[in-house]
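Asker: These are the residues of each chain, in order.
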Amino acid sequence: MTVDYTLKAEGFNLFYGEFHALKNLNLSIKRNTVTALIGPSGCGKSTLLRSFNRMNDLIPGVKTEGAIFFDGEDITKETVNLVRLRQKIGMVFQRPNPFPLSIRDNITFGPRVMGEKKSDVLDEIVEDSLKRVGLWEVLKEDLNRNALALSDEQQQRLCIARLLAVKPEIVLMDEPCSALDPIATLRIEELMLELKRRYTVVVVTHNMQQAARVSDETGLMYLGELVEFDKTKKIFTSPSQKITEDYVTGKFG
Amino acid sequence: MSAADIKRKEKLIQRIFLVVAFSSLFSLFLIALFIFVEGLPMIWKVGLKDFLLSTRWSPTKGHFGIFAMIVSSFWVTIGALLFGGPLGLMCSIFLVEFSSARMRAVIKPALELLAGIPSVVYGFLGVVYLVPLVRDYLGGPGLSLLTSCIILGIMILPTVISISVDSLVAVPDSYREAAFSLGATRWQTTHMVTLHAAKSGIITALVLGMGRAVGETMAVIMIAGNALKIPLSPLDPIRTLTSNIALEMGYASGLHRQALFATGIVLFFFVMALNMIATLFARRKVLK
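In order, the protein sequences belong to chains G and F.
For the first sequence, the residue numbers in my numbering are 1 to 253.
For the second sequence, the residue numbers in my numbering are 1 to 288.
These aren't lab readings, by the way, just hints derived from the structure by calculation.
Just so you know, these numbers come straight off a predicted model, no measurement behind them.
Hints may be right or wrong, so weigh each one.
[As the list claims (entries may be wrong)] Footprint (simulated), chain F over chain G, 3 or more residues, beta carbon under 8 Å: (1) 29 to 43; (2) 52 to 60; (3) 92 to 98; (4) 123 to 129.
The beta carbon of each residue, even a glycine, is placed where N, CA and C say it ideally should be.
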């Protein structure tokens, strides 16, 4: 049986100046799944996530070796069109970060960046994106309100909607619930499960229960290495590595 | 020392600092008081309308209309903003969004040095280089509204740049990250997000720059031509409110002297209003 992989890291290394932050990573992420990356603080899981859409480029002194393939193309090369890459591989951040603009302008930002000007097309995108994150019914009367006036959960949903508006293939989430209360967290998790039907989701989390609840596959990272990568069920019930077992049972981390 | 002594000493020191701090406020109060005491009786006598809205200024014949100077001051301020505003804003955008930290460390202090150049030097350079240039290429006497606007535009740069740089730096990086992650280029990020987020700070910078332009005297006296009429073209010479006070204070007496103080009152309100607008915008949060 052939498996459809969308992202594939091969011998990937990343250095912050002298510091070797990611060490020889090999992993493959299946299309239309939720993959969780877990591990203690500073293990490199966020750095790996940010390597998938080259957000680490914003930090001076970052160098990489090896390759990450996205639909067959090595995205670590100098020549990669970052604008296009980031439209295909979008990101949701730890703290909700809507722009200080209206709800509508937040969602249309991506399409406008790509040059879409027709207001009827943009209207459609706004409605469609908000529907997908379950905000349309609540906000359809308030599209001109400033996005910063929304609750934290609504802001995070809006950020996801803003991302969906550029029609990505992969949604990267960097601890998307860490600023939210438990109830909002559950609802965002439901949204993740909803999203995987159309997108591929990679989520970094320090919340192991969250990884267990939402992901199909889980990778455990420790000190820059990928210790184990397998079906989530296996990672949490019969891990093959001692470190994994210790981590998921709460002995450290 | 007993505990009571320590407490008493502490109180005393607090009082001393309080008095010193209030003395600066007190001097502001005194200045305002003197200008008003000297100027208001004259406005009373001549009438507010004849003072503000008449263009006839001939103190020896008893005419004290400052309308032409108000118009001149207005235009020179707007003009300075037209030159210095875009230049300063673009410079700030370059410094914050496009330059490396090392470059910023060199350029920003250098630009702040502009503020340290005495205004008479600006005026001198204007007279020697800019005035002939304007006269030869654009016509007119060269000493003109346009020349003043250009020089003042340069003089307000340090104010405009340092405040707008601060407000751009204050925009959280999470906005830029979000924009980049949606595929925006640096320029798209800047004009679609960062400038919006820094809007109130940038307006403050421009308004304070205007305040500086209204108040500038020495450089303007040297390059504006000081003719007493409403300028009809940018190449006409002008006399601003501040130049008028500086030019005539030396020999004015009686009602004439009071009229100059009254001009000061007008300036006082002008600058006060600008500063108040600036403070309002500075206080306004990102949220509407």
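Asker: Starting from the hint list further up, note which numbers the structure goes against and sort them upward.
Answerer: Violated hints (numbers, rising): 1, 4; every other hint is consistent with the structure.
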